[in-house]
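The whole structure should be built from the sequences, with the hints applied where relevant.
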Amino acid sequence: MLATHQLRAGYGSVAVLFDVDIAVGAGESIAIIGANGAGKSTLVRAICGLIPSMAGTIEKEGRPIQSLPPHARAEHGVAVVLEGRHLFGELSLESNLRIAETQGSKRRNARFDFSFEDVLDLFPFMRGRLGAPVGVFSGGEQQMVAIGRALLLKPDLLILDEPSTGLAPKVVREIVAVIQTLRQKGMSLLLIEQHIGVASECSDRAYVMSLGKIVKELDSTDWHDQSLLAEITQAYLG
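Positions 566 to 803 (the working numbering) are the ones given, in order, by the sequence shown.
Among the clues, some could well be false.
[Claimed, not checked] DSS-like cross-link-like pairs, simulated, lysine-lysine; straight-line CA separation at most 27 Å:
id : residue 1 : residue 2
1  : Lys-750   : Lys-735
2  : Lys-750   : Lys-778
3  : Lys-750   : Lys-671
4  : Lys-778   : Lys-625
[Said to hold, decoys possible] Label-pair ranges, simulated between beta-carbon atoms:
id : residue 1 : residue 2 : range
5  : Gly-696   : Gly-751   : 29 to 37 Å
6  : Gly-693   : Asp-586   : 39 to 47 Å
7  : Gly-693   : Ala-620   : 26 to 34 Å
8  : Thr-622   : Asp-784   : 18 to 26 Å
9  : Ile-664   : Gly-803   : 36 to 44 Å
10 : Asp-790   : Gly-590   : 21 to 29 Å
11 : Leu-656   : Pro-617   : 28 to 36 Å
12 : Leu-793   : Gly-590   : 31 to 39 Å
13 : Val-741   : Gly-654   : 38 to 46 Å
Since the hints were derived computationally from the structure, they do not count as laboratory data.
Heads up, the beta-carbon is just placed ideally off N, CA and C, and yes, glycines get one too.
Encoded structure:
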């Protein structure tokens, strides 16, 4: 579904990512975990085309996409919920969703054809708030709007950048439940997380990042090794 090979990227002439190799298979949920400053969000921005690649490749279903602009990558089925959400705060919830729905209509024969009603079913609180400006919503509600908006782009790969950061535990559980629903539907997910507990609940495998490099890989059995998880938390997430 998605792969990076020897990816190097950064800001201006300063590299932040160094020879990053990751792969997300069809229907897989993969986590990238690491502390603040590890390079996780820079990796997201490079994959989505918000910053240029300095070297290496980014492939979507075997096709290099690193030279494509962000909108073209979205048209190839890559959607992202960036940290900070980037909603149109002065516009209503419905307007935020309809804008994405219009863009998603360009995706013909998408594997995951989420409709406006599908998003409302996934996030029931939205039904009574469609006319409200999203700028007055809580952080958790805004995160759900951002995820719903991304789904209306009809992606087959959804990237979530720090979806649990700053949210109350109850809201985190709701977000985790939504991610698990998307996994059950077979959507490919790339989850950027600092919290190893959320990552373990929501992903099949994980890569650990530190100082712009992949320093460790975890498979599905590693999520049950509490001593290993404690070691990783102390070494890379403390």
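Hints, verified against the model:
no.	hint	verdict
1	Lys-750 - Lys-735	holds, 23 Å
2	Lys-750 - Lys-778	violated, 31 Å
3	Lys-750 - Lys-671	holds, 22 Å
4	Lys-778 - Lys-625	holds, 21 Å
5	Gly-696 - Gly-751: 29 to 37 Å	holds, 33 Å
6	Gly-693 - Asp-586: 39 to 47 Å	holds, 46 Å
7	Gly-693 - Ala-620: 26 to 34 Å	violated, 50 Å
8	Thr-622 - Asp-784: 18 to 26 Å	holds, 24 Å
9	Ile-664 - Gly-803: 36 to 44 Å	holds, 40 Å
10	Asp-790 - Gly-590: 21 to 29 Å	holds, 22 Å
11	Leu-656 - Pro-617: 28 to 36 Å	holds, 30 Å
12	Leu-793 - Gly-590: 31 to 39 Å	violated, 23 Å
13	Val-741 - Gly-654: 38 to 46 Å	violated, 25 Å
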